[in-house]
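Visitor: So you can see what is in the structure, the chains are spelled out below.
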Amino acid sequence: MFGLDKKDFRLLLLVTVLVALAPFILNPFPEGSGMAQFNAGYPDLMQRFVIFGIFAIGFNILFGLTGYLSFGHAAFLGVGSYAAIWMMKLLTMNVVPAIIVSVIVAGVFSLAVGWISLRRSGIYFSILTLAFAQMSYSLAYSVLTPITGGETGLQPKVNDPRILDGSLADGATPKANLFGLEMGSSIEWSVGSWLFTFNAGYYVAAIVMLLAFYMSIRIFRSPFGMMLRAVKSNQQRLNYTGLNAKPYTLAAFVISGMYAGLAGGLMVAMDTQVGAERMFWTASGEVVLMSILGGVGTLIGPVLGAGAIKYMENILSKINSDILHTWFAFLPDGLEDFVVTLIYPFIGKGWHLTLGLIFMLVVIFLPGGLVEGGQRIARLFGRKKKSTDTPDGKTTPAE
Amino acid sequence: MGILEVKNVGKRFGGLQALGDVNLSVAENTVHAIIGPNGAGKSTLLNCLVGKLIPDTGSVMFDGQSVLGRKPYEINQMGISRVFQTPEIFGDLSVLENMMIPCFAKRDGAFTPNAFISMMKDREIVERAEEMLVEMDMADARNDNAATMSRGNKRRLEIGMCLAQEPRLLLLDEPTAGMARADTNNTIDLLKQIKDERDITISIIEHDMHVVFSLAERITVLAQGTPLVEDTPDNIKGHPKVREAYLGESQDAA
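Keeping their order, the protein sequence lines are chains A and B.
According to my numbering, the first sequence is numbered sequentially starting from 1.
According to my numbering, the second sequence is numbered sequentially starting from 1001.
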């Protein structure tokens, strides 16, 4: 189906279902209950899940397949964002041109950066990409202020030209839309004490993410993808097999740069503002963490990693000491304070500490990331199933 | 005129003259061995042929075209394949995938940009790769991870990958180094078979005299960066200069 084999198609189908039902899946707890703060099914966060999913999927095409570790991908995300916001300022608040142009501009920029950075490999390549990203960040803050808005960043204003849109009434705020469908609009549905939010922006981003995911599967399974894995495996043999590694690595770099640009464009489509901090090196580092946490070189890993990190960033960081006290109120006073003091560094602003610990655990015990964890669990169940299956004489065909 | 013509090639690494003034002519469809004691410059010479090193002086012509200044992948596309001292294969890929890569390189050239077609549906390539695996007697291992194979099988796969490109010249750098006797004999048989069945020129660098004398039709002896003699195996065996280079002057060889 769609040129995918059975296994890949099932994965795509699973992801589609999960993404479509995310407003339910991410909101398992009733409103107003103590657990409601663990609900992640609100538009802002769901949008971030899929957008960073796209960012990580693209990054994985470069890092996962070729092994080239870029520390500068946030620059492409930022460039894509700036391109998108300028489209909204000059052309129209419709997100389509913004997203398309963000991909193209990021692609051209990554072609230039990749052309130079890919002259080196290993740590030198990483440093070159990092240097480019930091240069972009500094330029956006200083010299390029007329284009980037410097410290204040950019936002669509009422009096921007927007040649394709009619002029807005005074006091109206320009809102991103898809042929009239506003990105911020939501339908809310309450069932009992549950509240589910279906946000237009989320579903637009989700459809783009599914397309991006589908394309990444096709790339993984193509001769091109195989060559990228060959680059990672043994570049010497590739060269002595009559293949030039450079166009492969450069193409992978540009494709992942375009994915980053797409993510940047979508961010602007969802939340119409850009600041240079989006290009800071920690943002580049974050996507590396997402890929490794989820499983480098796996199809679904980066999406899981992006989800896990964004969930922690937004949910764990909201928990404060008051909430902890209510949780542990059942303990005797002294003990309660002690437990809260013990846990406190790991929550709220300390969520990075938890992330770091989880990251260390994953790297040490599950080098294949969360995907490997999932596979181990599946194998555990698979073995049990097989033993119950054999008496019936049932055998599953090998895939 | 041979298929490979090396003229006055010299290469210096700092103070070390690795290759002095090498002249070598490899005739088409022969097996030509290059032997010599350690440090004679055999590997340096080989690296000059495949573009890994660029000689300081002289010329290297393959089939009437100069290889100097060309990248390794370009030289490979001209028809020279190389087998390394330690088998160089794609360890993370399956055996079949390993074999598919040279098939792509043969058909599509140095860059295959088709990112959206499924590689398993490219029947032409898959069939060609499977054919080669059968020919190399490795069809059973098709889905194995290449890194898990024995050294002998890795060598076999590597030679098969080179042959899949149908090269006109196959360069082998000590193909049996570090192998057990049985594996060495298998490799000799394989190379003999290749020589008999294909229109191919083979140039082999080797330490193991058993391998050299069972395969070679011409032998060049290299010592201290210059060729001492070039002759048939029978004449080389008894040549006084060769004994001298290998055993030293004072010794009387048995």
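Quick caveat, the hints were computed from the structure, so don't treat them as lab data.
Certain hints may be false.
Unchecked claim - Listed next, the in silico DSS-like pairs over lysine-lysine satisfying Cα-Cα at most 30 Å (straight line):
#1 Lys6(A) x Lys1007(B)
#2 Lys1052(B) x Lys1154(B)
#3 Lys1007(B) x Lys1237(B)
#4 Lys232(A) x Lys1154(B)
Visitor: Against each hint, give a clear statement of whether it holds in the structure.
Guide: Structure-based check of each hint:
Among the hinted pairs, Lys6(A) with Lys1007(B) is inconsistent with the structure: their alpha-carbon atoms are about 57 Å apart, more than 30 Å. A hinted pair counts as satisfied when its Cα atoms are at most 30 Å apart, and Lys1052(B) with Lys1154(B) qualifies at roughly 22 Å. With a C-alpha separation of about 26 Å, the suggested pair Lys1007(B) and Lys1237(B) falls inside the 30 Å cut-off, and the hint holds. With a C-alpha separation of about 18 Å, the suggested pairing of Lys232(A) with Lys1154(B) holds against the 30 Å cut-off.
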